[in-house]
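Spelled out from the first residue to the last, the chains are:
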Amino acid sequence: MARNIEAAKCVQCGKLHYPTHFYCPSCKGTKFQGVAIEGEGTLVTWTRSHVLPLDYSTMYITLGIVQMDMGVKVMGQLDVGTPQTGMRLRSRIGKVREIQGSDIKGLVFTAI
Amino acid sequence: MARNIEAAKCVQCGKLHYPTHFYCPSCKGTKFQGVAIEGEGTLVTWTRSHVLPLDYSTMYITLGIVQMDMGVKVMGQLDVGTPQTGMRLRSRIGKVREIQGSDIKGLVFTAI
Amino acid sequence: MRDVAIVGVGSTQFGRAQWSLLKMMCEASHEAIQDASLGDRKIDAVFVANMGSARNNRMAGLASALVDRMNLYPAAAETIENGPASGASAFKMGFLGVASGFYDVVLVCGGERMREVNNLEATEFVSFLSHRYAEYVYGVTLPGLAALFARMYMERYGVTNEHLAMVAIKNHANGLLNRKAHIRDSITMEGILTGPDAINNNPWVSEPLRFYDCCPVSDGSSALILAPANLAKELCRKPVRVAGIGQGTDTHAVHERPDPTELTAVRIASQKAFHMAGLTPQDIGVAELHDAFTILEIAESEEAGFFPKGEGHKALERGETQINGRLPINPSGGLKARGHPVGNTGVSQLVELSLQLRGDAGKYQVPSRPKHGFTVNFGGFGNNVIATVLSEGV
Amino acid sequence: MRDVAIVGVGSTQFGRAQWSLLKMMCEASHEAIQDASLGDRKIDAVFVANMGSARNNRMAGLASALVDRMNLYPAAAETIENGPASGASAFKMGFLGVASGFYDVVLVCGGERMREVNNLEATEFVSFLSHRYAEYVYGVTLPGLAALFARMYMERYGVTNEHLAMVAIKNHANGLLNRKAHIRDSITMEGILTGPDAINNNPWVSEPLRFYDCCPVSDGSSALILAPANLAKELCRKPVRVAGIGQGTDTHAVHERPDPTELTAVRIASQKAFHMAGLTPQDIGVAELHDAFTILEIAESEEAGFFPKGEGHKALERGETQINGRLPINPSGGLKARGHPVGNTGVSQLVELSLQLRGDAGKYQVPSRPKHGFTVNFGGFGNNVIATVLSEGV
Ligand SMILES: [Zn+2]
Ligand SMILES: [Zn+2]
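First to last, the sequence lines map onto chains A, B, C and D. Here the first sequence is numbered in my numbering, starting from 1 and rising by one per residue. Here the second sequence is numbered in my numbering, starting from 1 and rising by one per residue. Here the third sequence is numbered in my numbering, starting from 1 and rising by one per residue. Here the fourth sequence is numbered in my numbering, starting from 1 and rising by one per residue.
I should point out that these hints are in silico values taken from the structure, not numbers from a laboratory. You may find that some hints are simply not true.
[As the list claims (entries may be wrong)] With a straight-line cut-off of 27 Å between C-alpha atoms, the simulated DSS-like cross-links for lysine-lysine are:
no.: 1; chain 1: C; residue 1: K371; chain 2: C; residue 2: K238
no.: 2; chain 1: C; residue 1: K272; chain 2: C; residue 2: K180
no.: 3; chain 1: A; residue 1: K28; chain 2: C; residue 2: K371
no.: 4; chain 1: C; residue 1: K233; chain 2: B; residue 2: K31
no.: 5; chain 1: C; residue 1: K42; chain 2: B; residue 2: K31
no.: 6; chain 1: A; residue 1: K15; chain 2: D; residue 2: K42
no.: 7; chain 1: B; residue 1: K28; chain 2: D; residue 2: K272
no.: 8; chain 1: C; residue 1: K42; chain 2: B; residue 2: K9
no.: 9; chain 1: D; residue 1: K238; chain 2: A; residue 2: K28
no.: 10; chain 1: C; residue 1: K233; chain 2: C; residue 2: K42
no.: 11; chain 1: A; residue 1: K15; chain 2: A; residue 2: K28
no.: 12; chain 1: A; residue 1: K15; chain 2: D; residue 2: K23
no.: 13; chain 1: D; residue 1: K272; chain 2: C; residue 2: K42
no.: 14; chain 1: A; residue 1: K105; chain 2: A; residue 2: K31
no.: 15; chain 1: A; residue 1: K95; chain 2: A; residue 2: K28
no.: 16; chain 1: C; residue 1: K23; chain 2: B; residue 2: K95
no.: 17; chain 1: B; residue 1: K28; chain 2: C; residue 2: K238
no.: 18; chain 1: C; residue 1: K371; chain 2: B; residue 2: K28
no.: 19; chain 1: D; residue 1: K23; chain 2: D; residue 2: K42
no.: 20; chain 1: B; residue 1: K15; chain 2: C; residue 2: K272
no.: 21; chain 1: A; residue 1: K105; chain 2: A; residue 2: K73
no.: 22; chain 1: A; residue 1: K9; chain 2: A; residue 2: K73
no.: 23; chain 1: A; residue 1: K105; chain 2: D; residue 2: K180
no.: 24; chain 1: C; residue 1: K309; chain 2: C; residue 2: K371
no.: 25; chain 1: D; residue 1: K42; chain 2: A; residue 2: K28
no.: 26; chain 1: D; residue 1: K371; chain 2: D; residue 2: K309
no.: 27; chain 1: A; residue 1: K95; chain 2: D; residue 2: K272
no.: 28; chain 1: A; residue 1: K31; chain 2: D; residue 2: K23
no.: 29; chain 1: A; residue 1: K95; chain 2: A; residue 2: K73
no.: 30; chain 1: C; residue 1: K42; chain 2: C; residue 2: K238
no.: 31; chain 1: D; residue 1: K180; chain 2: A; residue 2: K31
no.: 32; chain 1: C; residue 1: K371; chain 2: B; residue 2: K15
no.: 33; chain 1: A; residue 1: K31; chain 2: A; residue 2: K9
In isolation and in its complexed conformation, chain A is listed as follows:
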């Protein structure tokens, strides 16, 4: 079972943010609770990238920004044939990259 990707919830004011900040964007608090980024969301924008960093051997990767129902926007890889802005997606944790021989896990989205 892969480790979750987490947003940070301010212990002081409840504001949720992602990625991590040292100070809460709302109240400057410095204590946070991890909240798993999971569930469903809506595709905000996407791209199919044909020019890739060194570590990939595929022809392209599909990337998107997703507004999660749980409250934060995230970048993730899309496992979707024909993406369309506004489509509904579900997240899972999967391998998104290999860096110096290690698998990196991250958010991968499929169509609902």
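Position chains B, C and D with the ligands relative to chain A; hints supplied.
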């Protein structure tokens, strides 16, 4: 036959310098003639280095600064068993390093 | 603060370097020094802009190396990195040095030699600018971030691939007039978008962006000399005053911006620069914007205040940003055609603007001889932006 | 120019980082912000000192990333690299920003996480500071350059390996009192030089330098807040004034110096700093010198003007540089024991000096409570050096 290592001689004022500068250190001229660094010289200081950059597989390298009779001071590798400050040396061009699979040539000194 | 002026400018040919990074930087600096007719006056400090020397050229302490190569000891030497906005950052530092009275004569030199590594390594290196664990690990590159931005922008404001191509065609036409430009190719709408060979001539990089929507990977160096205004009149027939500098930062991860189609840092930087200059966008007669991607020229022209939000592409359609239009943008060819030696670009934009304000831009001189010019130098994907206003005379 | 003061300082533990580079930098910055009691006052600009993030941590635009991580938008953000003197360079930039009136409150933060790569790669990376084709290609490292320098120095001035060991022993003893120091080991002359196990405890690195003549490879971050003097009194009970900053450069290749035992850039930087401060070496009560190698502490103490050339080792013998001596040098442990996170070191020296002048250095407080302190931050192998004089109060 390996390419020479060259000092620069100012066309305008004759000042010899090494390594290269864009402006002559004496007269600010910008035209230079190459002068081969070769022949004999005197050891100014030396070290035996036991902690080496990635590209070396030897246990240590011996490095020195040499005052050449032809007029410039240079750094070079010493092919000398027991170096001593003030000793006389003769230069040749040899392999001094391997960078990403290519041999780099430079000044190597032996005792006279 | 003292008034500060640009009293000399220089630049190498852009493209694939024939020389080492340092030698390129010497050539550009020498040209700027000659242009300023410094005579025996000493340079007090050197500010170098560079992004990749430690990774791509096995060199650190680049500014110290430049001082050595040019025998400028004991001049102070500093190397500044702000990704693609390194150039404007180094320029700002030089400005602060002179404005404060700490230094009199300052050399600002940008240099980048990306093509010492291959294209894949260059792309990977530039992607180090993205957010380490919220973006980079997903394999996003700068063209990828630009593509995510472009799709949103196009869908919201009705910008089409034709509009993007119009930016490229305009800037390549300008680049043809600039003998130092990296790319000197005339391109047509048919050739890159509507014709039968378009997809071969102009393949996808990161959809919806194609090859001609992205700037090339260039080597190159530019340099300029700064001096206090009172000294500038002595050193230079046509000094150019640094009227305003503004800077803004934004979230690192593009997706974290409340509205990711807004380039807040561009807006803040521009407003600050105009405020300092005591000018408005209407006063500007020429602009060099950061068109690393065609969409950025359009978006920046709006955030800077030249056109209402969502209407930059209409001004483009009307030809207002052409070299003989109301507000010529990127008469030098921009990053698209002049080239984008990453860390150098900001310096090169200011060199180009100085030439325009002096009337020395030759074949690509804006015919109106503008009195005030404007630049945007865009760091990261818009998370650190510097805008500058230059004015003719001191 | 406005007078500028340090109004807050902070620092992480030095050694092997438990956190990412950015998180370390947040910790140090947060401590400095708390120390300054800024309240709701905004930070206008962030100047970051770092040498290796692009190579060792796959990150560019580090200052922008720090602004993001700490939610300091739209603060300006700049990253400055000057090798081992990056810290003092970033500090100088922050100083110019405040002195000019362009910024009011500035955060200067140094951070380095070298130990994300192995020791060989770290050594190789630091050797990028040497001259590309006259030094680097021969396989010389920074310890190698220091060794070439040390042999000449020792032969000319009668400095012995015992003298070098005395520097190490003194600074390790000081480091034992500093809970944030990287190395907290008591060492003895017998253990590292004269005893039967000395060659095992203290092997050759680059003859005549041994393991304990060289500083460790450290991770760590330090930060400080700058403000104009008038504001400083509001923000801080014990502000420290930036009295003088001087910088000098020298030939890149060590062998090209007419007399390679002279550290001309240290001499010039020190003279300029004293001149600006209106003080002399006799006014200084505490110094943090750049002892990346033991020989450098001795040589810098002479070039800075504290002792005649060739007599620094005699002052050391007499105990004058001990924490309770006439001129305590490196009471914090110096680079030798406190550690040397390369790009951060200059900031950390200024943080230590501030603590001394405020009387806040705790167990390693210099008992005389000096009014004026001095630092040397040594870039490359002495080709770009910054000296700073700080004074108690504003
Ligand atoms: Zn909160
Ligand atoms: Zn000459």
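Status of each hint after checking the structure:
Restraint check for K371 (chain C) and K238 (chain C): satisfied, since their Cα atoms lie roughly 12 Å apart, inside the 27 Å limit. Distance check on the hinted pair: K272 (chain C) and K180 (chain C) sit about 32 Å apart at the alpha-carbon level, beyond 27 Å; violated. Simply put, K28 (chain A) and K371 (chain C) have alpha-carbon atoms about 45 Å apart, too far for the 27 Å limit, and the pair is violated. Of the supplied pair hints, the one linking K233 (chain C) and K31 (chain B) is violated, its CA atoms being roughly 31 Å apart against a limit of 27 Å.
For the given pair, K42 (chain C) sits about 21 Å from K31 (chain B) by alpha-carbon distance, which is consistent with the 27 Å threshold. Taking the CA atoms of K15 (chain A) and K42 (chain D), the gap is near 21 Å; set against the 27 Å cutoff, the hint holds. Restraint check: the Cα-Cα separation between K28 (chain B) and K272 (chain D) comes to about 26 Å, which is no more than 27 Å; the hinted pair holds. Taking the CA atoms of K42 (chain C) and K9 (chain B), the gap is near 24 Å; set against the 27 Å cutoff, the hint holds.
For the hint pairing K238 (chain D) with K28 (chain A), the CA-to-CA distance comes to about 25 Å; that is within 27 Å, so the pair holds. Proximity of K233 (chain C) to K42 (chain C) is assessed by CA-CA distance (about 17 Å); at most 27 Å being required, the pair is judged to hold. Between the alpha carbons of K15 (chain A) and K28 (chain A) the distance comes to roughly 11 Å, so the proposed pair stays at or under 27 Å and holds. At most 27 Å may separate the alpha-carbon atoms for a hinted pair to count; K15 (chain A) and K23 (chain D) meet this at roughly 20 Å.
The straight-line distance between the Cα atoms of K272 (chain D) and K42 (chain C) is roughly 16 Å, inside the 27 Å bound, and the hint therefore holds. The hinted pair formed by K105 (chain A) and K31 (chain A) meets the criterion: a straight-line CA distance of about 25 Å does not exceed 27 Å. For a cut-off of 27 Å, the pair hint linking K95 (chain A) to K28 (chain A) is broken: about 34 Å separates their Cα positions. Under the criterion of a C-alpha separation no larger than 27 Å, the hint pairing K23 (chain C) with K95 (chain B) is consistent with the structure, at around 25 Å.
Distance check on the hinted pair: K28 (chain B) and K238 (chain C) sit about 25 Å apart at the alpha-carbon level, within 27 Å; holds. Pair hint K371 (chain C) plus K28 (chain B) does not hold up; C-alpha atoms about 36 Å apart against a cutoff of 27 Å. Between K23 (chain D) and K42 (chain D) the alpha-carbon distance is near 21 Å, which keeps this suggested pair within the 27 Å criterion. Distance hint between K15 (chain B) and K272 (chain C) is unfulfilled; the C-alpha atoms sit about 51 Å from each other, more than 27 Å.
Distance restraint check for K105 (chain A) and K73 (chain A): the Cα-Cα separation of roughly 18 Å lies within the 27 Å cut-off, and the hinted pair is therefore satisfied. Taking the CA atoms of K9 (chain A) and K73 (chain A), the gap is about 14 Å. The hint holds against a cut of 27 Å. Between K105 (chain A) and K180 (chain D), the direct Cα distance comes to roughly 35 Å. Violation of the 27 Å bound is thereby established for this hinted pair. Among the hinted pairs, K309 (chain C) with K371 (chain C) is consistent with the structure: their alpha-carbon atoms are about 25 Å apart, no more than 27 Å.
A threshold of 27 Å between alpha carbons decides the hint, and for K42 (chain D) with K28 (chain A) the separation of about 12 Å falls inside it, so the pair holds. For the hint linking K371 (chain D) to K309 (chain D), the alpha-carbon distance of about 26 Å falls within 27 Å, and the restraint holds. In summary, the hint linking K95 (chain A) to K272 (chain D) is not supported, as the alpha carbons are separated by about 56 Å, beyond the 27 Å threshold. Between K31 (chain A) and K23 (chain D) the alpha-carbon distance is near 14 Å, which keeps this suggested pair within the 27 Å criterion.
With a C-alpha separation of about 20 Å, the suggested pair K95 (chain A) and K73 (chain A) falls inside the 27 Å cut-off, and the hint holds. Between K42 (chain C) and K238 (chain C) the alpha-carbon distance is near 20 Å, which keeps this suggested pair within the 27 Å criterion. With a C-alpha separation of about 24 Å, the suggested pair K180 (chain D) and K31 (chain A) falls inside the 27 Å cut-off, and the hint holds. Restraint check: the Cα-Cα separation between K371 (chain C) and K15 (chain B) comes to about 46 Å, which exceeds 27 Å; the hinted pair is violated.
For a cut-off of 27 Å, the pair hint linking K31 (chain A) to K9 (chain A) stands: about 8 Å separates their Cα positions.
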